[in-house]
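Student: Sequence:
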Amino acid sequence: MRPKMNLNSLHLNYLTPLLKWRVMDLESLRRECFRATKYKNFHRIIRGLEKEKILEGYRDPYSRKKFVFLSPLGESQLSLKENPTAISNETLIHDLKVSEITRSFITNGWIDEVELEHQIQDKRNFKLTYKIIPDAILYIEKKGHKFNLAYELELTRKSNQRLIEKMKQYEDSSFYHYVMYVFPTEKLMEKYITQAQEKLGSERMSKFMFFFHPEISSGIHEPSEIYGVFQGEKISLAEIFQR
Numbered sequence: 001m002r003p004k005m006n007l008n009s010l011h012l013n014y015l016t017p018l019l020k021w022r023v024m025d026l027e028s029l030r031r032e033c034f035r036a037t038k039y040k041n042f043h044r045i046i047r048g049l050e051k052e053k054i055l056e057g058y059r060d061p062y063s064r065k066k067f068v069f070l071s072p073l074g075e076s077q078l079s080l081k082e083n084p085t086a087i088s089n090e091t092l093i094h095d096l097k098v099s100e101i102t103r104s105f106i107t108n109g110w111i112d113e114v115e116l117e118h119q120i121q122d123k124r125n126f127k128l129t130y131k132i133i134p135d136a137i138l139y140i141e142k143k144g145h146k147f148n149l150a151y152e153l154e155l156t157r158k159s160n161q162r163l164i165e166k167m168k169q170y171e172d173s174s175f176y177h178y179v180m181y182v183f184p185t186e187k188l189m190e191k192y193i194t195q196a197q198e199k200l201g202s203e204r205m206s207k208f209m210f211f212f213h214p215e216i217s218s219g220i221h222e223p224s225e226i227y228g229v230f231q232g233e234k235i236s237l238a239e240i241f242q243r
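One point on numbering: in the numbering used here, the residue at position 153 of the sequence shown is 153, and numbering is uninterrupted.
Since the hints were derived computationally from the structure, they do not count as laboratory data. Heads up, the beta-carbon is just placed ideally off N, CA and C, and yes, glycines get one too.
Keeping only pairs whose Cα atoms sit at most 20 Å apart, straight-line, the calculated DMTMM-like set for lysine to aspartate or glutamate is: (1) K38 to E27; (2) K199 to E165; (3) K166 to E117.
If you anchor each label on the Cβ, the simulated ranges turn out as follows: (4) K199 to L10: 47 to 55 Å; (5) S9 to S236: 40 to 48 Å; (6) E233 to R162: 21 to 29 Å; (7) E165 to K53: 32 to 40 Å; (8) K191 to E225: 15 to 23 Å; (9) S206 to K66: 35 to 43 Å; (10) E233 to S174: 22 to 30 Å; (11) S206 to T129: 22 to 30 Å; (12) K65 to E203: 42 to 50 Å; (13) T37 to N108: 18 to 26 Å; (14) E215 to K66: 16 to 24 Å; (15) T37 to R162: 43 to 51 Å; (16) K191 to N108: 25 to 33 Å.
Go ahead and model the full structure; you've got the sequences and the hints to work with.
Tutor: See the structure below:
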């Protein structure tokens with residue numbers, strides 16, 4: 001077994017944002033830190049944490065950004081709760097994009113708060129309150145009214161049965177006011193909409209919104225460039241946030 005690394009306050013300053021966001025590019029992580037240091041010093045510390053296997057790294061081939069996330073060893077060092085942030089190779093790209101996109105919504109003031117899946121599962125009685133757990137919950141307050149939006153990122157096509165079962169659960173949930181599905185292509189979005197309409201019927205679709213994000217690989221997530229369908233109307237994501 002690898003001996004424990006003695007994590008000091010500087011290390012914890014750099015690691016703490018990953019408890020919420022799971023996986024972050026280096027510059028976003030540096031900005032999120034309580035005490036942001038010069039990039040050169042920051043990068044040196046991060047390399048040291050990777051060398052000690054506290055962090056693992058991934059370079060996105062499209063944006064060329066370097067991302068880091070806690071390793072199982074890193075999680076054990078931080079004594080995390082029963083639902084750790086561990087990222088597997090199978091879910092890395094999906095989890096990275098959920099984190100990156102929702103964080104950009106917060107940074108640019110489109111939403112008020114976000115909770116990712118692992119944060120929801122750490123809450124007591126989460127099954128009783130939420131009943132169904134999305135990739136993230138977006139919290140928005142508009143004109144004195146608060147809304148809870150379930151956020152689901154679908155990078156690949158799921159089985160029709162799985163899609164419909166989950167949509168029915170969302171339909172029955174009083175916690176979620178709306179459900180937002182996001183896809184990398186318009187074609188995949190349209191397939192989901194067609195299946196949902198066939199199985200649920202158009203009259204039961206008012207709670208669901210569907211968007212396609214063709215620039216999702218670029219790391220640029222501008223709501224005015226993300227289009228979709230909500231309640232039979234073609235609309236941009238920016239228009240949803242601005243309502």
